[in-house]
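Asker: Take a look at the letters that make up each chain.
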Amino acid sequence: MSALLEVENLATHFFTRAGVVKAVDGVSFSVRPGQVVGLVGESGSGKSVTGYSLLGLVDPPGRVVGGSIRFEGQDLVTLPQDRLRAIRGRRISMVFQDATATLNPVLTVGEQMLLVVKAHEALSDKAGLSLALDALGRVGIPDPASRLRSYPHQLSGGMRQRVAIAIALLHRPALVIADEPTTALDVSVQAQIIHEMRELVRTSGTAVIWITHDLATVSSLADDILVMYAGRVVESGPTRTILRSPRHPYTLGLLDSVPSRNPPGVDLPQIPGSTPSLLSLPPGCPFAPRCGFATDVCREMPAVSQADGRTWRCHHPRGVAA
Amino acid sequence: MSDPIMTLDGVVKRFDPRLSLGDRIAAAIGGDVETRSVQAVRDVTLAIGKGETLGLVGESGCGKSTLGRIAAGIMKPTAGTVRLAGAPVMDAAGGKLTTRIQTVFQDPFASLNPRITIGETLAEGPIAHGLVTPAKARDYAAQWLDLVGLDPSYASRYPHQFSGGQRQRVAIARALAMQPEVLVCDEPVASLDVSIQAQIVNLLLKLKRELGLTYLFISHDLGVVRHISERVAIMYLGRIVELGPTLSVYETPQHPYTQALLASVPRLVTSDADLAEFKPIAGEIPSPLAPPTGCAFHTRCPHAGPRCAVEQPGLVAPMPGRLAACHLLAGGVGKAA
Amino acid sequence: MTSASPFAGAWREFCENRTAVLALAVVVLIVLAAVLAPWITPQNPYDIGTLSLMDARRPPGYVGSGGYVHWLGTDAQGRDLYSAILYGLRISIQMGLAAGLVSLVIGGTLGIVAAYAGGRIETAIMRVVDLQLSFPAILLALVLVALLGQGKTQLTAALVAAQYAYFARTAYGAASAERRKDYVEAALAIPLSGRRIVFRHILPNVMPPLIVVATVQIANAISLEATLSFLGLGLPVTEPSLGMLISNGFQYMMSGRYWISIYPGVALIVLIVAINLVGDQVRDQFNPRLKR
Chain A
13 MSALLEVENL ATHFFTRAGV VKAVDGVSFS VRPGQVVGLV GESGSGKSVT
63 GYSLLGLVDP PGRVVGGSIR FEGQDLVTLP QDRLRAIRGR RISMVFQDAT
113 ATLNPVLTVG EQMLLVVKAH EALSDKAGLS LALDALGRVG IPDPASRLRS
163 YPHQLSGGMR QRVAIAIALL HRPALVIADE PTTALDVSVQ AQIIHEMREL
213 VRTSGTAVIW ITHDLATVSS LADDILVMYA GRVVESGPTR TILRSPRHPY
263 TLGLLDSVPS RNPPGVDLPQ IPGSTPSLLS LPPGCPFAPR CGFATDVCRE
313 MPAVSQADGR TWRCHHPRGV AA
Chain B
1183 MSDPIMTLDG VVKRFDPRLS LGDRIAAAIG GDVETRSVQA VRDVTLAIGK
1233 GETLGLVGES GCGKSTLGRI AAGIMKPTAG TVRLAGAPVM DAAGGKLTTR
1283 IQTVFQDPFA SLNPRITIGE TLAEGPIAHG LVTPAKARDY AAQWLDLVGL
1333 DPSYASRYPH QFSGGQRQRV AIARALAMQP EVLVCDEPVA SLDVSIQAQI
1383 VNLLLKLKRE LGLTYLFISH DLGVVRHISE RVAIMYLGRI VELGPTLSVY
1433 ETPQHPYTQA LLASVPRLVT SDADLAEFKP IAGEIPSPLA PPTGCAFHTR
1483 CPHAGPRCAV EQPGLVAPMP GRLAACHLLA GGVGKAA
Chain C
19 MTSASPFAGA WREFCENRTA VLALAVVVLI VLAAVLAPWI TPQNPYDIGT
69 LSLMDARRPP GYVGSGGYVH WLGTDAQGRD LYSAILYGLR ISIQMGLAAG
119 LVSLVIGGTL GIVAAYAGGR IETAIMRVVD LQLSFPAILL ALVLVALLGQ
169 GKTQLTAALV AAQYAYFART AYGAASAERR KDYVEAALAI PLSGRRIVFR
219 HILPNVMPPL IVVATVQIAN AISLEATLSF LGLGLPVTEP SLGMLISNGF
269 QYMMSGRYWI SIYPGVALIV LIVAINLVGD QVRDQFNPRL KR
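Each protein sequence line maps, in turn, to chains A, B and C. As numbered in the working numbering, residues 13 to 334 make up the first sequence, in order. As numbered in the working numbering, residues 1183 to 1519 make up the second sequence, in order. As numbered in the working numbering, residues 19 to 310 make up the third sequence, in order.
Bound-form chain A, shown alone (with noise of 0.2 Å):
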């Protein structure tokens, strides 16, 4: 199948008053139609940037300065500024963190669901209403018919979630981005939207960029994973077998140092140090000085290595023959 979206060494930098963040370093990777790819990293890996670059949502002094974005036979980062707004929320949309940020509190549910129905697409208020009642119904919100007269804040972090998720998917776009859509809600309620969205995707074809810090609740969503470190992907290809077998040192010590995988009371195999600046990243492999297996090679920068649908960008992979 031909890729949906294919992203090919991006890079987007920050010009700040402290100097040039390289918040994204040369990032490649394709999502095909109705793909699931969790896009995994630590504060400051680039991950969200990433996902905004997309869009063409990086506020200044942050701007995309190389590479293509090739969405749908175009490409997102040449676009003009209307050309792109018309793809937002029509072929692709976003999902954050923080729902009531995203929604108006001024507007019921149903006001503005009506409202992004209609910036796409000229229909009556009377089929718009039908629409949003049917994606209200397909994330899961019981009632939806008196949810569209609720106000964002009586609602519960987790409904205002599935409302943003529902929002997303109102003209059925070809591309969801979702940045962390789960981390602010509790266990239980993120199981349930995890649980929900697998349906969802499963039955629309939508395609899935899930941006998060938690390899656990992609583990159970994601096809394909991304992992990122420092503005770079370090490792990517389908999920089960990266988290069987990762490659990357980095992705072997993020596993390794999740405590349920560990018997109860011993230390933890940890990663030493902590992620690095990236005002000041040194040359070579940024994971080198905190990864047990660098050697003097590691001081110039590994290419990206491929093999089995999967790539790495390491000089000393794990499970692979030197």
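Treat the hints as calculated values from the structure; they're not laboratory data. Ideal placement from N, C-alpha and C gives every residue a C-beta, glycine not left out. Be aware that one or more of the hints could be misleading.
[To be verified] Partial list, derived from the structure: chain B residues whose beta carbon lies under 8 Å from chain C:
# : residue
1 : D1289
2 : M1360
3 : Q1361
Let chain A serve as the given structure and place chains B and C on it in line with the hints.
Answerer: Structure of chains B and C alone, referenced to chain A:
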């Protein structure tokens, strides 16, 4: 459990809304003013053994953080007492009486004063309470920085010069410098990066081994709690619904809420079998402004019967060393007695 | 993340706004001129012995009996206006600073105490403050000056009474926000004394917004004092501040002797506008919502 060092007895915390005259008038004529009290903690009795780590688990709004603040002597309970080695931790006016209980907070970016150096942050408490003289404060602070794995020369720096993980180490050092017996840890790893969480968990394990500390470890993360705690208490809407040795509770949860919570934890899925185990609980946590009558969980419980809506279940021991509050374990969920 | 002191960074940021830098330069220049007035003016306008009625109401450029040029002309008493303006600025700035700083201390303390103590103390302090904020400051100052009489101390007291509420409100708002932060809770958990928490922890974090209010309120105090003096309720005639100079010249405006009122007025406006421009930049820098 060894001899209890800390006991919580019948602790209740209610937050009454502060209503101005205008609010009262508005409420009287039917305005949208919240006049109900939040029942954050409802009759909790707990004992923590010396040298033990007790995990306190629950979802947001269950009252675990409020209970932690009461245990730490920062907040005055509406009713009930907290005692450390038999002595009350708070006077009648709500002043904290002991320095032997210290606290580590969730967000190290908020819990350190941005305008005070690390050295002063560490030394001000011990100086104020006579644990060290101002002349020796420098060496004293250095000693605790070293213990938590930070360079003692950092004492002259400000919090903004540190990463999240380093700040949490500073916050831990600040608590330790008071030479506590009990450390209340309120979500100490929740706001840290994944790769840093393991470092802090390991540090807490090490400190407990070396200093013989007792932890009240509050978290929503069942994986971390399983790793660090010997016993675990599960809270739901202000009450403890299950209490027992951690592994035993995780393997054979007795309360339907514990069962549901454990089943909804996201886990690393590496096979279809993992995926099948993952089952979310239905519904949402009711508001602590209006907790359900009887058993608070009955609105979401798959086993609920008529008795659950009217009668509050007490903690019973379904097996030695375990406690759970469910009618299923004490006479069934049928008609109320 | 740099290890440079936060002040160096703030100064660099301040310097990026050219208007603010220019305004600051003007303020510094005016303050310097006022401080150095005895040495850079030809005449002490308070020394009646040096005044000659022969020189009264002379236009700018006139060479008087003292043998020097009156660049800005003279007033009705024959004072050299240039000298009178600098001496007037001295008094205006003194009054502004004194009133501003005393208001800062009193208002700031009240606001922080209200926020930290809570309960009845909070209600009592903040009700009074709110009540006072609903009156125009000028009205309050007028009534107080009328009651207390003339003199620097009385005037300062009136200005402080009219202005402390702004500081109290600001300090209260900022301190309430700080009070809820985890680091205060951490200090309570140790436990540290209330005094230490208020003065060592909350106060330094409340200072930035208070400094912003202080810059603007000093300008307000200066104009308030000028207003009172203009109305004849400020300082005695022996200590003419800018307001009184303007007032003295006002009756001659229509007879073409504009300079007696206009030049002191220009000095006052330039000073107040410059302080406000500096204050605007300081406020923008402290306001995190405007940060890029």
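Asker: So which hints don't hold here, by number, going up?
Answerer: 3
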